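Each chain, written out:
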Amino acid sequence: MGEFRIKVNGQAHSVDVLPDTPVLWVLRDNLGLTGTKFGCGIAQCGACTVFLDGQPLRSCSLPVSGLGNAEITTIEGLAGREGEAVRNAWIARDVPQCGYCQSGQIMSAVALLKQIKKPTDHEIDLAMNGNLCRCATYVRIRAAIHEAAKLLES
Amino acid sequence: MGDNGPTRRTALKSVAGIGGLVATAVILAMDQPSAQTQRASSPARELRPAASFAGITNRRARSIALFEEMSKVLRHPRCMNCHPASDRPTQTDAMRPHQPLVVRGIDGHGAPGLPCATCHHAANFDPAGIPGHPDWHLAPASMAWQGRSAAQICAQIKDRTRNGNRDLAALIRHLSDDSLVGWAWSPGGRRTPAPGTQAQFGELAKAWVQTGAQCPRA
Numbered sequence: 001m002g003e004f005r006i007k008v009n010g011q012a013h014s015v016d017v018l019p020d021t022p023v024l025w026v027l028r029d030n031l032g033l034t035g036t037k038f039g040c041g042i043a044q045c046g047a048c049t050v051f052l053d054g055q056p057l058r059s060c061s062l063p064v065s066g067l068g069n070a071e072i073t074t075i076e077g078l079a080g081r082e083g084e085a086v087r088n089a090w091i092a093r094d095v096p097q098c099g100y101c102q103s104g105q106i107m108s109a110v111a112l113l114k115q116i117k118k119p120t121d122h123e124i125d126l127a128m129n130g131n132l133c134r135c136a137t138y139v140r141i142r143a144a145i146h147e148a149a150k151l152l153e154s
Numbered sequence: 001m002g003d004n005g006p007t008r009r010t011a012l013k014s015v016a017g018i019g020g021l022v023a024t025a026v027i028l029a030m031d032q033p034s035a036q037t038q039r040a041s042s043p044a045r046e047l048r049p050a051a052s053f054a055g056i057t058n059r060r061a062r063s064i065a066l067f068e069e070m071s072k073v074l075r076h077p078r079c080m081n082c083h084p085a086s087d088r089p090t091q092t093d094a095m096r097p098h099q100p101l102v103v104r105g106i107d108g109h110g111a112p113g114l115p116c117a118t119c120h121h122a123a124n125f126d127p128a129g130i131p132g133h134p135d136w137h138l139a140p141a142s143m144a145w146q147g148r149s150a151a152q153i154c155a156q157i158k159d160r161t162r163n164g165n166r167d168l169a170a171l172i173r174h175l176s177d178d179s180l181v182g183w184a185w186s187p188g189g190r191r192t193p194a195p196g197t198q199a200q201f202g203e204l205a206k207a208w209v210q211t212g213a214q215c216p217r218a
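First to last, the protein sequences are chains A and B.
The opening position of the first sequence corresponds to residue 1 in our numbering, with each subsequent residue numbered one higher.
The opening position of the second sequence corresponds to residue 1 in our numbering, with each subsequent residue numbered one higher.
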């Protein structure tokens, strides 16, 4: 075990875990931030997506020892214009079905909109196809991203 | 959003949960034959040292033989997977299309919203099966090698308009010293490493250049 100082959602934490513990499990088991989901553990499904210094990260794919001084943002700490627009669009379009993958979907959607203000269907597909949804809400996800882009325009 | 997900302990104990089913589905899907699959022949595991070609007295023939030995590395899945013919990389020794679908993007580092660094970090992370390097990225389209013969790749890597504007000295340095090239010999997990060592590969490249950097016949 070892002590790691990490910054999550603007707050500093100290955790005593094995160096190869994936960030996902530190968030969920040590910090109780269970909005970030375990889906596959091999970066294939996107359910564990968070931000690492503002960039999307599959939190199952990075050991806590690899974090360094980078800051993590989880769904619980998501803020800003894009986050608000996506949240409102998700509610308006009633996107989630079971909801399990949705925090990862939202994080990826926000990451996309931070880079491309008005993405095309193709750009949405390229950014989002690493986020699986067993309920197949993909059509609503795409529509909600377009709607969020409109909200950001207005 | 409410939570009913597993802890790490329960997740590791069983694949019967939601996450496990997703993983199982993905793994099963990855095992299915695909029309897009470009199956490589069995990757080479041995690399002859440059000195072992000294017995070939014809300089041109020796140069070609050296390049053909180099091509065991150049055409190895650890290298070819990120030198795809399309915008999409491949993975595994069978060179299956990368899962999830990712693309080169404008700078080789992936699409906006899904850059390579979303999953690939500074080092290999074997618990998740993810290879890593600080500058993990795809080769540019001009360096696409998949589906090309050794002769075509040879012409390509000498062509400064397609090789990142490298002269032969810079090319030797790239092949001998670049740490992303070097990842091919330390790929982590159960990945088959490129044959030999990067130092051996560099010696082959140097000897190839010293013998005139000749290419095999097309």
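It is worth saying that the hints were derived from the structure and are not from the lab.
No experiment lies behind these values; they were computed from the predicted model shown.
Mixed in with the good hints there might be a few duds.
[To be verified] The calculated label-pair distances, taken between Cβ atoms and stated as ranges, are:
1. R190(B) with L152(A): 42 to 52 Å
2. G108(B) with A136(A): 50 to 60 Å
3. K7(A) with A218(B): 51 to 61 Å
4. I106(B) with I91(A): 27 to 37 Å
5. V139(A) with E46(B): 45 to 55 Å
6. A169(B) with A79(A): 13 to 23 Å
7. R88(B) with L18(A): 43 to 53 Å
8. A151(B) with G68(A): 36 to 46 Å
9. A155(B) with Q97(A): 45 to 55 Å
10. T7(B) with Q97(A): 38 to 48 Å
11. A170(B) with A79(A): 39 to 49 Å
Where is the CB? At the ideal position from N, CA and C, for every residue including glycine.
For each hint, the structure was consulted:
| no. | hint | result |
| --- | --- | --- |
| 1 | R190(B) with L152(A): 42 to 52 Å | holds (44 Å) |
| 2 | G108(B) with A136(A): 50 to 60 Å | violated (32 Å) |
| 3 | K7(A) with A218(B): 51 to 61 Å | holds (56 Å) |
| 4 | I106(B) with I91(A): 27 to 37 Å | holds (33 Å) |
| 5 | V139(A) with E46(B): 45 to 55 Å | holds (51 Å) |
| 6 | A169(B) with A79(A): 13 to 23 Å | violated (51 Å) |
| 7 | R88(B) with L18(A): 43 to 53 Å | violated (35 Å) |
| 8 | A151(B) with G68(A): 36 to 46 Å | holds (45 Å) |
| 9 | A155(B) with Q97(A): 45 to 55 Å | holds (53 Å) |
| 10 | T7(B) with Q97(A): 38 to 48 Å | violated (24 Å) |
| 11 | A170(B) with A79(A): 39 to 49 Å | holds (46 Å) |
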